[in-house]
Structure formats: structure tokens, C-alpha cells
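Trainee: The lines below spell out each chain.
2 protein chains.
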Amino acid sequence: MPHNHDKLLDHVKKEMPTDEILQDLGDLFKVFGDTTRIKIMFALYEEEMCVCAISELLGMTQSAISHQLKTLKQADLVASRREGKTIYYHLSDEHVKSIIAQGYEHLTE
Amino acid sequence: MPHNHDKLLDHVKKEMPTDEILQDLGDLFKVFGDTTRIKIMFALYEEEMCVCAISELLGMTQSAISHQLKTLKQADLVASRREGKTIYYHLSDEHVKSIIAQGYEHLTE
DNA sequence: TGAACATATGAACAACCATTCATATATTAA
DNA sequence: TTAATATATGAATGGTTGTTCATATGTTCA
Numbered sequence: 001m002p003h004n005h006d007k008l009l010d011h012v013k014k015e016m017p018t019d020e021i022l023q024d025l026g027d028l029f030k031v032f033g034d035t036t037r038i039k040i041m042f043a044l045y046e047e048e049m050c051v052c053a054i055s056e057l058l059g060m061t062q063s064a065i066s067h068q069l070k071t072l073k074q075a076d077l078v079a080s081r082r083e084g085k086t087i088y089y090h091l092s093d094e095h096v097k098s099i100i101a102q103g104y105e106h107l108t109e
Numbered sequence: 001m002p003h004n005h006d007k008l009l010d011h012v013k014k015e016m017p018t019d020e021i022l023q024d025l026g027d028l029f030k031v032f033g034d035t036t037r038i039k040i041m042f043a044l045y046e047e048e049m050c051v052c053a054i055s056e057l058l059g060m061t062q063s064a065i066s067h068q069l070k071t072l073k074q075a076d077l078v079a080s081r082r083e084g085k086t087i088y089y090h091l092s093d094e095h096v097k098s099i100i101a102q103g104y105e106h107l108t109e
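Top to bottom, those sequences are chains B and C. Under my numbering, think of the first position of the first sequence as 1, with each following residue one higher. Under my numbering, think of the first position of the second sequence as 1, with each following residue one higher.
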């Protein structure tokens, strides 16, 4: 007969966040899980930048960058402000920096 | 004529990590970007667990869990030890906890 | 108003990935 | 050695997603 772990499961279940939160967490990290978006966040880590500067920096089309900025904005990781024709993007809070920094440490330890 | 941002790009380029590191960072966060893997990490956050306990906890097949554990192990996020027929998994370092905690804070702030 | 610039967006396509299914490996006990 | 349990793995598939292309929206200046 297979071995039993009811007691263990009871304990772990109590400590697990709701499915909704776990789903949201996965969705959040999914946004970090793309090299282009990581590059954008690292660039904005330094300074606010307009879309065409980012696309020039990464050597990618303006459209591709715009699509990714939309994804980042929906996840509340970046925010923007308009100045004439230009729209400047910047990181929206310190968590972005912390998360990236922790990932970086994990890699380079 | 399009507007110029050579000075800005020069500065940002200097501060950007290498493409290899940026790629590795994206790959690392990709591993966090899946609800099943997030659930596994949260479970192991509490206690070390065997494969069948995890699959029972999440209501998923043993095969699915094994595949995901392999992904987590390759990213050095979990480690395992054998005890007879059973293999116990646990989180491999504190960065996992920090990264999840930061993500959690970003969501619930 | 019209032209030029800056950005956003919808559709389509190719590449990637999580799960399933079937099966293989490993360990223990009889 | 055989049966039972625990885990791993390869192939296949359905769903997801990043980029491209074409085009739309928004802003400024002449």
C-alpha cells in the first residue's frame, strides 16, 4: 500500500496561500521571465527612457518594444508619462529592483 | 528628423550586464512563472516533501510533478535526498524565499 | 490643414512549454 | 527472483506567447 502523509498535507495546506494568489504570483513572475522585458527593466533601472531609445538600445523594432511595455505596465512594473510626442517609461516601484537583485544574487553566488 | 539619445544610450549601455547574464536572469524567472512550480515552492517553503505527497497536495499526476521538479532542480531552486524508495525535495537556498516574498509584497501592497 | 514624428494595437505565425500517456529505472520486501 | 511501490523520462499534443507587419492614434510644427 502507498505511504501516507495526511498529517503533513494538513499542515502544508494550512500555510498555502489561496489559489488566486498563487496564480497571480505565477503571472507576475511570468512577466519577468523574458529576456527582452528583463533588458527593458534593467535599462529603466538606470534612467527613465522613451520607447524609441529603448528600441534603439536593444536593437529591436518599436512595435516589439511597445508590446512588451504594455505587458510590463499591465503588471504594474513600469509606469509612463507623456511629454509632447514622447512617452517616457520608468520602473513603478522598488519591488522590481529587489526581485531582479535577488535573482541576480542567486545566479552569481 | 528623429530625436537623438546617444548620450543616454552610452550611459545605460555601460551599466547593463552582459547578454549572457540577462538571458540567464530571464531563464531563472521563467521557472518562477508557472503556477504549478510556484505551488511546489510554496509547499516546500514549509517542509521537505516527497513527490507523491506533492502530487497529492496539488491534485496532479506524479508524472507532471516529476517533470516540474526536474525543471526546478535544473535551476538550482530545489534539491533532493533519497531515503529508500522515497525521494524528498526541499528548497535549495534562501533566495527562493526572498524572490517569492518580494513578488508577494508587490501583489499585496 | 497637412506632414512628420512617436507610440499603440490587432492579426497572424512560429516557437516554446505544461501536461498526459506509456514505459523505464530504482528500491524494498517476501 | 517476483511483486509492489516510488520516481523518472521520452514522445506527442494542445495552449500560450513574442515578434513581425500593417495600420491606427496622438502630438507638434509649419
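Just so you know, these hints were derived from the structure itself, not from any lab. Please note: incorrect hints may appear among the correct ones.
Which copy is meant is left open, so a pair is good if it fits within one copy or across any two.
[As the list claims (entries may be wrong)] The calculated lysine-lysine pairs, modelled on DSS-like cross-linking and capped at a C-alpha distance of 30 angstroms, are: (1) Lys73 x Lys97; (2) Lys30 x Lys7; (3) Lys85 x Lys97; (4) Lys73 x Lys85.
Trainee: All hints, please: hold or fail.
Mentor: Okay, the hints, checked on the actual structure:
Taking the shortest alpha-carbon separations for Lys73 and Lys97, both the intra-copy value of 15 angstroms and the inter-copy value of 25 angstroms come in at or below 30 angstroms. With identical chains, the CA atoms of Lys30 and Lys7 are never at most 30 angstroms apart, being 33 angstroms at best within one copy and 32 angstroms at best between copies. For a Cα distance limit of 30 angstroms, the shortest separation of Lys85 from Lys97 inside one copy, 28 angstroms, qualifies, whereas the shortest one across copies, 42 angstroms, does not. Only within a single protomer do Lys73 and Lys85 lie at most 30 angstroms apart by alpha-carbon distance; the minimum there is 19 angstroms, versus 47 angstroms between protomers.
When held up to the earlier numbered hints, the structure conflicts with hint 2 and nothing else.
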